[in-house]
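Chains A and B supply the protein sequences, listed in that same order.
Going by the working numbering, the first sequence opens with residue 215, and the numbers climb by one from there.
Going by the working numbering, the second sequence opens with residue 884, and the numbers climb by one from there.
Derived by calculation from the structure, the hints in this document are not laboratory data.
Built from N, CA and C at the ideal position, the CB exists for glycine as well.
Chain B residues, not near chain A, derived (Cβ > 12 angstroms throughout): (1) A886; (2) A899; (3) T903; (4) S911; (5) E916; (6) H917; (7) A925; (8) A931; (9) W935; (10) E955; (11) V980; (12) K992.
On the chain B side, residues computed to face chain A include the following (Cβ under 7 angstroms): (13) Y920; (14) A946; (15) T947; (16) R951; (17) L964; (18) V987; (19) L998.
Once the Cα atoms are required to be at most 20 angstroms apart in a straight line, the calculated DMTMM-like pairs of lysine to aspartate or glutamate come out as: (20) A:K412 <-> B:D959; (21) B:K905 <-> B:E978; (22) A:K412 <-> B:D983; (23) B:K956 <-> B:E978; (24) B:K992 <-> B:E937; (25) A:K509 <-> A:E449.
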Amino acid sequence: MTLRAKAACTGLATAGCGEAQGRNPMELMVEAVHRAVTDAGLQLSDIDGLFAATAFHSMAAMSLAEHLGIQPKFSDGSNIGGSSFMAHALYASMALEAGLIKVAVIAYGSNQRTAGGFRSISEPMPFEAQYGPRNPITAYALAANRYMHEFGATREDLANVAVAARGWANLNPEAFMHGDLSVEDVMTARMISDPLSKLDCCLVTDGAAAIVLTRPDRAKDAPKSPVYLLGAAFEHHHRMISAMPSLTTTAAAASGPRAYEMAGYGAGDMNTIQLYDAFTINTMLFLEDLGFCAKGEAAAFIADGHIAPGGGLPVNTNGGGLSCIHPGMYGLFVTIEAIRQIRAAAGDDEGPREPGGWVEGAKLSLAHGNGGVLASQATTIWGHGETV
Amino acid sequence: MSAYFDGPGPEAQFKAFLATGKFMIQRSASSGEHVFYPRTIAPGTGTADLEWVEASGDGTVYATTVNRQRPEKGGDYNIALIDLTEGPRMMARVEGVAPDAVTVGMRVKARIGELAGEPAVIFDAEGTA
Chain A
215 MTLRAKAACT
225 GLATAGCGEA
235 QGRNPMELMV
245 EAVHRAVTDA
255 GLQLSDIDGL
265 FAATAFHSMA
275 AMSLAEHLGI
285 QPKFSDGSNI
295 GGSSFMAHAL
305 YASMALEAGL
315 IKVAVIAYGS
325 NQRTAGGFRS
335 ISEPMPFEAQ
345 YGPRNPITAY
355 ALAANRYMHE
365 FGATREDLAN
375 VAVAARGWAN
385 LNPEAFMHGD
395 LSVEDVMTAR
405 MISDPLSKLD
415 CCLVTDGAAA
425 IVLTRPDRAK
435 DAPKSPVYLL
445 GAAFEHHHRM
455 ISAMPSLTTT
465 AAAASGPRAY
475 EMAGYGAGDM
485 NTIQLYDAFT
495 INTMLFLEDL
505 GFCAKGEAAA
515 FIADGHIAPG
525 GGLPVNTNGG
535 GLSCIHPGMY
545 GLFVTIEAIR
555 QIRAAAGDDE
565 GPREPGGWVE
575 GAKLSLAHGN
585 GGVLASQATT
595 IWGHGETV
Chain B
884 MSAYFDGPGP
894 EAQFKAFLAT
904 GKFMIQRSAS
914 SGEHVFYPRT
924 IAPGTGTADL
934 EWVEASGDGT
944 VYATTVNRQR
954 PEKGGDYNIA
964 LIDLTEGPRM
974 MARVEGVAPD
984 AVTVGMRVKA
994 RIGELAGEPA
1004 VIFDAEGTA
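One chain only, chain B, in its complex shape (with noise of 0.2 angstroms):
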């Protein structure tokens, strides 16, 4: 177990594997509990065990929100609570319907899109991908 915290760290390891077209989340080894965003140790727990399995890229919207910008600047945008189908909730977009038309309960399914010039985990709503 000593190897454990060797090398690059959770952050560093998601976003690497985000830059392979990868979306990655972590499990723990001995309770089989997902977890996301990635973390060094298991949350609550403290077990050092945790390991990479890359996500179904199924959910749900647990919550959302239209940040509201003016069309010069890029125009209004979605911003969404989604719950992996593994369990953890991620912050993320719900792109392929109008910002103000993604609604609490709905299948979303990911896909690594960019945001800024960086890989993202971005999530279009089932059936308009």
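One chain only, chain A, in its complex shape (with noise of 0.2 angstroms):
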């Protein structure tokens, strides 16, 4: 048995993205849920399966089943992190596989930012705590710092990556953050933990969202264009950066290559690439271990804009974490922007970008989440049904 194309996305929405004053997280998740059940041409009362996960509800699936006064037969709000909307897309998929449900929603909502900054509801890591890390950021500075001594990777590398991050939101009026950005903006910002400056960090916004899922059969029903998960798969091995095996080098090497197995598509083969950037070295990590060039090598990969708009290989196309939206938890928006370019390149209204910020003949579309400190890595790959 496999789970590829079992389940297919026919409706996703987002709501307060950057700054929603006076909304709390639930009624902005309630709000991406009714754009996304709207979207999909379907009532509240078709959802029977219900996945959600915020920092800010500890039964996150829970409240808002009563907030949208719902009995879902099947619920599910495992967390682990910012990824756990690239697992919850897996679990829906078994659940309808299975018959379980028919229709499955998985949400997501934040007031982060107009609620007073970045918000986690992490413990203190045993063993850490005491020597002052300040998560995540000190754990992603400490993995940039190793991958610089073993990689001779720079500052200017990182930097790059914000870069062409910011040159996509350039081109989507969505995005939070739009202007300039050079390398020697980010070099010069404050710097918060060695090597990591403010602009090598992902946004603080607020933002909810939202995707529908159901089986094929139904799928064909839908008004805008069904798109087919066509592999998922997630691994972890730590919870503290001190208990990351190595730095350099991510779970997501394991669940990339179960993902395309999956999915019968490989690296070369995705249109679009959307990566899990909530710092710059991220995407650098990301880009090895899913396979898209090889370990030490991203920054030459990336060196002569390569993944900037027009630079050959569309990664981050909303602007990412780092110029798009951030608002604690970001996995559902790197799946809601894969999807959106399949959709946007068969024909359906995504809404207005300038030119190359949808790009043209996508298909197929990697959506790869990151939990906790480059703990949880969880790959999905999206598909037009022509992939199928």
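Combine the two chains into a complex, taking the hints into account.
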């Protein structure tokens, strides 16, 4: 048995992206669910499977179902950090294929920006907390430091990631950040945790998101182009950065190949690549671990704007967590961008972008989630009907 | 072996050792592999045969960063991952040199210091202690 193409996304939406003054995380999440269900041409009462995780709710799926006034037959609120939603897509696919549910909704919401700043429900890490790590930044800084030591990468190389992301954001009216960004800007921004400056770090925004998944037979009736979950896999080996086996190879090196195998496609087949870029180092590590370039070669790979607009490899085409949106757990926005690129290429109205912002002919997208401190890695591959 | 799980757990035992000035790590009696942070059973193998041994205190910096902080809040400080000579890796601080003078591969030596009023394993750059 395979779960390949056993679930299709037929609806998606975001809400309150950027700043959503005066609205709480549940209200934002409910708005996203409402919009996503409408986008799928369904009713709220059609939802019988609910998947949610936030940094505000200990039992997010239960709270969300109550607020919506629905009674899911199956729900899950597993939290493996920002990649939770890629895992939820896998769980939803299992439940749909098993016949437990007919319509799954995956949702997330946050108002961290207008509610006072970065929000986490992470407990202090035992045997680390007393040293005063400012997680997650400290952990990613340690990884960046080690990466630079092993492979001779520089702060300029990291800055190239942020510059490419801003290039994409400048094509996307929905992105939170716009305007020119230079390598120099990133290098001279306030240092937070060496070698990461403020501009090596993701945004702190509000935002909610939701997607609707159904079985393929039902997806054919949807008003928008169904986008199929062709591959999904996750893996994790640590919770604390001090327990990560190698700071320069993530578990994406394991989740990626399994997702490709399930999908029957490889890295070279992907038309758009959406990587969870909480920090600039993430993009470099994931390009390597997911097979787009060899270990240690990401700096050279991206040096000439290869992942920037017009560069050949469309990576983080919404502007990423660095320049588009990052409400704390970014995974569902990564997924939505992967799917929207395929819908836009298929002719669905996904709203305006500057020329090049929608990738022509996109039929296969990779959406990779990262959770904790480079800890949980979850890879999903989404495809147009023709790729099934 | 029934007494193995009796009494204070590994975290409490580690802290009690630390309070008496001893930096202790664990070793699996069967495999000889050293373990840190303190575990209940040997990670991976699941063997319930971890015993305490005193750490040599010798280590090497695996990765390092400086958490930048305003002087009035205490100023910049180092955070590093240290590979102990015995094998395990741990988070700690390296002192005795400027926080940004700590480099990957630097040899360091443990001592028991204090952070936020609690005993803590701190490392000094070799030759600076």
